[in-house]
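The UniProt record's numbering puts the first residue of the sequence shown at 1, with every later residue one more than the last.
Take these hints with a grain of salt, some might be off.
Claimed, not checked - Restraint ranges, calculated between C-beta atoms of paired labels, are given here:
#1 K19 - P97: 23 to 29 angstroms
#2 Y107 - H17: 34 to 40 angstroms
#3 A54 - P97: 15 to 21 angstroms
#4 A54 - M105: 25 to 31 angstroms
#5 R104 - K19: 21 to 27 angstroms
#6 P125 - D31: 34 to 40 angstroms
Claimed, not checked - Derived pair list, reagent style SDA-like, types lysine to any residue, alpha-carbon separation capped at 25 angstroms:
#7 K14 - K71
#8 K120 - V102
#9 K71 - F109
Since the hints were derived computationally from the structure, they do not count as laboratory data.
Given the structure is predicted, the values throughout are model-derived calculations rather than measurements.
Ideal Cβ positions, reconstructed from N, Cα and C, are used throughout, including at glycine.
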Amino acid sequence: GGNRGASLSMIISKYPHIKGINFDLPHVVTDRSDFPGITHVGGDMFVSVPQGDAIFIKSVFHNWDDEHCLKFMKNCYASLPDHGKVIACEYILPEVPDSEDVTRMAYHFDVLMMIGPNGKERTEPEFEALGK
1 GGNRGASLSM IISKYPHIKG INFDLPHVVT DRSDFPGITH VGGDMFVSVP QGDAIFIKSV
61 FHNWDDEHCL KFMKNCYASL PDHGKVIACE YILPEVPDSE DVTRMAYHFD VLMMIGPNGK
121 ERTEPEFEAL GK
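Could you build the full structure based on these sequences and the hints that come with them?
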């Protein structure tokens, strides 16, 4: 979800013509920061998602298994116009591990997601499979 709206506020500060809707669980958006150009909306992405020309999702997929990801993705696409976009900002695991710092960070989050919420980080082919 959008949490308190910090990421969206960075986008809006660079592109003030964009109307931003920060969407997260009701109790999360109640305890939010107020940023110019942002409306906070509480709800459940597994039920519905507010309409928009683009939907920006950051650090959400890794919290969920594929079945749950497909559910909220369908709700996102149902809320978009014909040429709308879902933009995901997530770690992408390499298919062949390496020792780069960003790779180690992605694997660190992958282990955390396996321990906690039953989610995982994904490879590019795994993301592509979700999008089909």
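So, going through the hints one by one against the coordinates:
no.	hint	result
1	K19 - P97: 23 to 29 angstroms	violated (41 angstroms)
2	Y107 - H17: 34 to 40 angstroms	holds (39 angstroms)
3	A54 - P97: 15 to 21 angstroms	violated (32 angstroms)
4	A54 - M105: 25 to 31 angstroms	holds (26 angstroms)
5	R104 - K19: 21 to 27 angstroms	violated (38 angstroms)
6	P125 - D31: 34 to 40 angstroms	holds (38 angstroms)
7	K14 - K71	violated (31 angstroms)
8	K120 - V102	holds (16 angstroms)
9	K71 - F109	holds (22 angstroms)
In terms of the numbered hints stated before, the structure departs from hints 1, 3, 5, 7, listed from lowest to highest.
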